[in-house]
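Taken in order, these protein sequences are the chains called A, B, C and D. First residue of the first sequence: 528, per the working numbering; consecutive thereafter. First residue of the second sequence: 528, per the working numbering; consecutive thereafter. First residue of the third sequence: 528, per the working numbering; consecutive thereafter. First residue of the fourth sequence: 528, per the working numbering; consecutive thereafter.
Don't take each hint at face value.
[To be verified] Using 20 Å as the maximum straight-line C-alpha spacing, the simulated PhoX-like pairs for lysine-lysine come out as follows:
hint : chain 1 : residue 1 : chain 2 : residue 2
1    : B       : K682      : A       : K594
2    : C       : K594      : D       : K712
3    : A       : K594      : B       : K712
4    : C       : K688      : B       : K594
5    : A       : K709      : A       : K647
6    : A       : K675      : A       : K647
7    : A       : K729      : A       : K664
8    : D       : K594      : A       : K712
9    : C       : K647      : C       : K740
10   : A       : K531      : D       : K531
11   : D       : K594      : A       : K675
12   : C       : K682      : C       : K664
13   : A       : K593      : B       : K675
14   : C       : K602      : D       : K709
15   : A       : K750      : A       : K664
16   : D       : K682      : C       : K594
17   : A       : K593      : B       : K688
18   : B       : K609      : B       : K572
19   : B       : K664      : B       : K682
20   : D       : K531      : C       : K531
21   : B       : K647      : B       : K545
The set of hints was computed from the structure by calculation and includes no laboratory data. Just so we're clear, the structure is a prediction, and the values are computed from it rather than from any experiment.
There are 4 protein chains.
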Amino acid sequence: MSEKATEVIFTEKVPALKNPILIEGLPGIGYIGRNAVGYLLDELKAVKFAEIHSHHFPFVVLLDPKKNGVITPIKNEFYYVKGKARDIVILIGDAQSITPEGHYQIVDTILDVCVQLGIKEMITLGGFATGVLTEQKPRVFGAGIDQKMMDSFEKIGVVFKNTNIGQIIGASGLLISIGNQKGIKGVCLMGETSGMLLSDPKSTESVLEIITKYLGIKIDMSKLDAKIKEIEKIIEKIESLQTKIAPGASAGGKKKEELGYIG
Amino acid sequence: MSEKATEVIFTEKVPALKNPILIEGLPGIGYIGRNAVGYLLDELKAVKFAEIHSHHFPFVVLLDPKKNGVITPIKNEFYYVKGKARDIVILIGDAQSITPEGHYQIVDTILDVCVQLGIKEMITLGGFATGVLTEQKPRVFGAGIDQKMMDSFEKIGVVFKNTNIGQIIGASGLLISIGNQKGIKGVCLMGETSGMLLSDPKSTESVLEIITKYLGIKIDMSKLDAKIKEIEKIIEKIESLQTKIAPGASAGGKKKEELGYIG
Amino acid sequence: MSEKATEVIFTEKVPALKNPILIEGLPGIGYIGRNAVGYLLDELKAVKFAEIHSHHFPFVVLLDPKKNGVITPIKNEFYYVKGKARDIVILIGDAQSITPEGHYQIVDTILDVCVQLGIKEMITLGGFATGVLTEQKPRVFGAGIDQKMMDSFEKIGVVFKNTNIGQIIGASGLLISIGNQKGIKGVCLMGETSGMLLSDPKSTESVLEIITKYLGIKIDMSKLDAKIKEIEKIIEKIESLQTKIAPGASAGGKKKEELGYIG
Amino acid sequence: MSEKATEVIFTEKVPALKNPILIEGLPGIGYIGRNAVGYLLDELKAVKFAEIHSHHFPFVVLLDPKKNGVITPIKNEFYYVKGKARDIVILIGDAQSITPEGHYQIVDTILDVCVQLGIKEMITLGGFATGVLTEQKPRVFGAGIDQKMMDSFEKIGVVFKNTNIGQIIGASGLLISIGNQKGIKGVCLMGETSGMLLSDPKSTESVLEIITKYLGIKIDMSKLDAKIKEIEKIIEKIESLQTKIAPGASAGGKKKEELGYIG
Numbered sequence: 528m529s530e531k532a533t534e535v536i537f538t539e540k541v542p543a544l545k546n547p548i549l550i551e552g553l554p555g556i557g558y559i560g561r562n563a564v565g566y567l568l569d570e571l572k573a574v575k576f577a578e579i580h581s582h583h584f585p586f587v588v589l590l591d592p593k594k595n596g597v598i599t600p601i602k603n604e605f606y607y608v609k610g611k612a613r614d615i616v617i618l619i620g621d622a623q624s625i626t627p628e629g630h631y632q633i634v635d636t637i638l639d640v641c642v643q644l645g646i647k648e649m650i651t652l653g654g655f656a657t658g659v660l661t662e663q664k665p666r667v668f669g670a671g672i673d674q675k676m677m678d679s680f681e682k683i684g685v686v687f688k689n690t691n692i693g694q695i696i697g698a699s700g701l702l703i704s705i706g707n708q709k710g711i712k713g714v715c716l717m718g719e720t721s722g723m724l725l726s727d728p729k730s731t732e733s734v735l736e737i738i739t740k741y742l743g744i745k746i747d748m749s750k751l752d753a754k755i756k757e758i759e760k761i762i763e764k765i766e767s768l769q770t771k772i773a774p775g776a777s778a779g780g781k782k783k784e785e786l787g788y789i790g
Numbered sequence: 528m529s530e531k532a533t534e535v536i537f538t539e540k541v542p543a544l545k546n547p548i549l550i551e552g553l554p555g556i557g558y559i560g561r562n563a564v565g566y567l568l569d570e571l572k573a574v575k576f577a578e579i580h581s582h583h584f585p586f587v588v589l590l591d592p593k594k595n596g597v598i599t600p601i602k603n604e605f606y607y608v609k610g611k612a613r614d615i616v617i618l619i620g621d622a623q624s625i626t627p628e629g630h631y632q633i634v635d636t637i638l639d640v641c642v643q644l645g646i647k648e649m650i651t652l653g654g655f656a657t658g659v660l661t662e663q664k665p666r667v668f669g670a671g672i673d674q675k676m677m678d679s680f681e682k683i684g685v686v687f688k689n690t691n692i693g694q695i696i697g698a699s700g701l702l703i704s705i706g707n708q709k710g711i712k713g714v715c716l717m718g719e720t721s722g723m724l725l726s727d728p729k730s731t732e733s734v735l736e737i738i739t740k741y742l743g744i745k746i747d748m749s750k751l752d753a754k755i756k757e758i759e760k761i762i763e764k765i766e767s768l769q770t771k772i773a774p775g776a777s778a779g780g781k782k783k784e785e786l787g788y789i790g
Numbered sequence: 528m529s530e531k532a533t534e535v536i537f538t539e540k541v542p543a544l545k546n547p548i549l550i551e552g553l554p555g556i557g558y559i560g561r562n563a564v565g566y567l568l569d570e571l572k573a574v575k576f577a578e579i580h581s582h583h584f585p586f587v588v589l590l591d592p593k594k595n596g597v598i599t600p601i602k603n604e605f606y607y608v609k610g611k612a613r614d615i616v617i618l619i620g621d622a623q624s625i626t627p628e629g630h631y632q633i634v635d636t637i638l639d640v641c642v643q644l645g646i647k648e649m650i651t652l653g654g655f656a657t658g659v660l661t662e663q664k665p666r667v668f669g670a671g672i673d674q675k676m677m678d679s680f681e682k683i684g685v686v687f688k689n690t691n692i693g694q695i696i697g698a699s700g701l702l703i704s705i706g707n708q709k710g711i712k713g714v715c716l717m718g719e720t721s722g723m724l725l726s727d728p729k730s731t732e733s734v735l736e737i738i739t740k741y742l743g744i745k746i747d748m749s750k751l752d753a754k755i756k757e758i759e760k761i762i763e764k765i766e767s768l769q770t771k772i773a774p775g776a777s778a779g780g781k782k783k784e785e786l787g788y789i790g
Numbered sequence: 528m529s530e531k532a533t534e535v536i537f538t539e540k541v542p543a544l545k546n547p548i549l550i551e552g553l554p555g556i557g558y559i560g561r562n563a564v565g566y567l568l569d570e571l572k573a574v575k576f577a578e579i580h581s582h583h584f585p586f587v588v589l590l591d592p593k594k595n596g597v598i599t600p601i602k603n604e605f606y607y608v609k610g611k612a613r614d615i616v617i618l619i620g621d622a623q624s625i626t627p628e629g630h631y632q633i634v635d636t637i638l639d640v641c642v643q644l645g646i647k648e649m650i651t652l653g654g655f656a657t658g659v660l661t662e663q664k665p666r667v668f669g670a671g672i673d674q675k676m677m678d679s680f681e682k683i684g685v686v687f688k689n690t691n692i693g694q695i696i697g698a699s700g701l702l703i704s705i706g707n708q709k710g711i712k713g714v715c716l717m718g719e720t721s722g723m724l725l726s727d728p729k730s731t732e733s734v735l736e737i738i739t740k741y742l743g744i745k746i747d748m749s750k751l752d753a754k755i756k757e758i759e760k761i762i763e764k765i766e767s768l769q770t771k772i773a774p775g776a777s778a779g780g781k782k783k784e785e786l787g788y789i790g
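Full structure from sequences and hints, please.
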């Protein structure tokens, strides 16, 4: 009633940013985007400055497994990092919209923040599931609208040609497309993954290599494996949650079979 | 058209309340929260003062099984109790939202009433299904944000540690999380239940014991079993209703197999 | 964009009405309500004066089977009849809402028209499926809020006691409940039906007998059977349509198996 | 937040149009309408002047298979053609609404543009699936409201009588019905198709023959087969996308089985 359906809450004053670039990593296939930006913001000691809350997020709260019974809301979060050459803004989150129209509304809200911060460039992240388990180093596929920016990423190893990718679902694609209408150019990077894993550290590493190469920064990759293992516990709970919410999106849809369910 | 999608109707003037605490019990697993507050408001002779109506509630009316053909709307109801040490506000209801975004809208409406009444503290109720039928006294699990309030409940027997609870679905969790943003601290209490029972008098009693201990009040528990048996008849109808509504949320979704269905 | 989601279009000026009563018959179990008011408005030569259009109706148009390729929109329609003792307003329609929140919005719109016309009393119609095929004359079950009005209907044969009816889904119930809040008293009449028939002329006749008895009017029932047979053809198309719409509510949800489907 | 749920973006100034007629071809059975207008706008060298964007479209972006990794948004597009006798406005698109209420909102938006351009007449296109594969030349079925316009099309071979068509789902039907309320007369043409083909060049040709005959123009049909083959690749991706979106309309609904899915 008194709230807007989707809103940004600034928790910290943001300093003037130097040529800022947005890196988005929301949940998706193999949690590649989310894990990549999660690792990045830890390594770069990013500072959180805003949260997005939305009526279109799953109607749940999460319990932090590392703390005892502490509730956290479902949200998307903005962080910033002051860099040498340029500053970085990171968007991470627990969930995407669970209603069709919510996707567009949340993306509009994210882009409003970008415009406000003077962001002119962005990298969105995701995974591309091939259906095949391989031992080879996962490739990073790319898509975008700005040919010059796409060329830069192609030079550092991103595969744009003959990818057999027909569409991008959710925020990663919409941000590039609607962002472009608002004068923000962007590239969507998709880590190659089998699609059979809950998370994929190797694919996440491939994506992180491209990002750091593009930004000209270095991060320590040695803790990536361990960190992703840890995060996998949270992902498992979110995944089980989302399959639970999907069929009957109401408290009344609760079934006796859904044990461990709280109402 | 002429109505807001979710609205509060005050049916009674509320007197000034002394340090009021909200106790919420909407339908959920084992109907533990709803039955606990239902018993509490009978025992404490609580006075009803407001109703929440919402377009996001199931699009049905209920027929009171104790009366003959008398229609009652689907609603959430507020009651108050003038206490010795402090006053109590109780929220009880027939249903939660059947649309995803409705959950947030209804919770916002509940919290608007809380702010209006000067409520600074709340207890929300639910059940946690373990999947195991046991003869032991059901435990009460807890979750919250305010550590001091959580500590108080831990001292009187609520289990916050190692609960294996990953998320709370619906109003009980959202109230704590969004309430916290509005300066209302709260704890969510979840009665341990097998998840195989339509209602669970023993788990309901465990929850009521914690509430009365925390509030420093006494209620007669001797009628609990009988009352819950009686309420179970209504629950059965609501449950069957909700599985009916879930698949095809329209009059057109009516199937010939759904006997006893009225259109 | 330029339209409201639900709107009333007056197609005829309504004369001042004398103590008008609303009789509602929208699609439901056995199409009893819809067929009863359809027959009534033919027999009483009712005059159409308004249409309700809504974004919450099925996103289709119908082709009149009696005409060749003539399109009619999905709508609810208001008619009036100038009577001796009192005037009658009839609501008939092709469909109810296909979204959960639309049901409330459409009912609010119907009640706005009622208030505008000075309607203080209404009869809503539906069916109650027993699951049993019998040769006995179908009973008419009732539900309501105003005890005096319920008593009047009980005297002329409506069964209010021990009906085993737990809820009423859709407009028939919501109109009584929300109408009551706006000072319009009403009774919902439900014709007993097996639930296995697409339409039920005998149950429709039982309902019509109660209505005419209550209103103190007489209508010729001899054409009822033939008319309902004719209407059944339209119902079949609407029913098949609604099962088609339910699974994938978009043009993209069209499956090759759904032959005879147009996009 | 800052955007309307459905909006028109004019990309080109439209010159004054002479007695303009709208021809609509959005995705549907056999992609007959979409392919017909797609071919028409190529052959007539139509000029694009506006786009419709909507939160009710699928929450995806498409990757152009002819380009390498280039993202295009889901949209409906308006084109115009300056003709000898009269001017033509063409509406083509990637998708229809994926929410029930979105269909009406998008149709209202299309009609707002029509009113703005002085359009008084329209032809909407679709397919009618018979379930039978035949070698005969596919017929073109018709539906409408304006009897004079329907007569004109009947004279040039459109079948309006005894078609066994009960309803038209989506924009093609709603445009005729709601357009009629705004003073725009129209006819919906539906190409006969088996319903077992992803696209149907022969049925598309039948529909194009009627359109060109009605408009008194000539187009070269020799490239139709080749072009539709080419378009079929894009259709395949859109179709697979739409079955993917239907079950779990959120990023969380992603299943491991849905390979080639990006998030």
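Against the structure, the hints:
no.: 1; hint: B/K682 - A/K594; verdict: holds, 18 Å
no.: 2; hint: C/K594 - D/K712; verdict: holds, 18 Å
no.: 3; hint: A/K594 - B/K712; verdict: holds, 18 Å
no.: 4; hint: C/K688 - B/K594; verdict: holds, 8 Å
no.: 5; hint: A/K709 - A/K647; verdict: holds, 9 Å
no.: 6; hint: A/K675 - A/K647; verdict: holds, 14 Å
no.: 7; hint: A/K729 - A/K664; verdict: holds, 7 Å
no.: 8; hint: D/K594 - A/K712; verdict: holds, 18 Å
no.: 9; hint: C/K647 - C/K740; verdict: holds, 19 Å
no.: 10; hint: A/K531 - D/K531; verdict: holds, 14 Å
no.: 11; hint: D/K594 - A/K675; verdict: holds, 14 Å
no.: 12; hint: C/K682 - C/K664; verdict: holds, 18 Å
no.: 13; hint: A/K593 - B/K675; verdict: holds, 18 Å
no.: 14; hint: C/K602 - D/K709; verdict: holds, 16 Å
no.: 15; hint: A/K750 - A/K664; verdict: holds, 18 Å
no.: 16; hint: D/K682 - C/K594; verdict: holds, 18 Å
no.: 17; hint: A/K593 - B/K688; verdict: holds, 10 Å
no.: 18; hint: B/K609 - B/K572; verdict: holds, 10 Å
no.: 19; hint: B/K664 - B/K682; verdict: holds, 18 Å
no.: 20; hint: D/K531 - C/K531; verdict: holds, 14 Å
no.: 21; hint: B/K647 - B/K545; verdict: holds, 11 Å
Hint compliance for this structure: no hint is broken.
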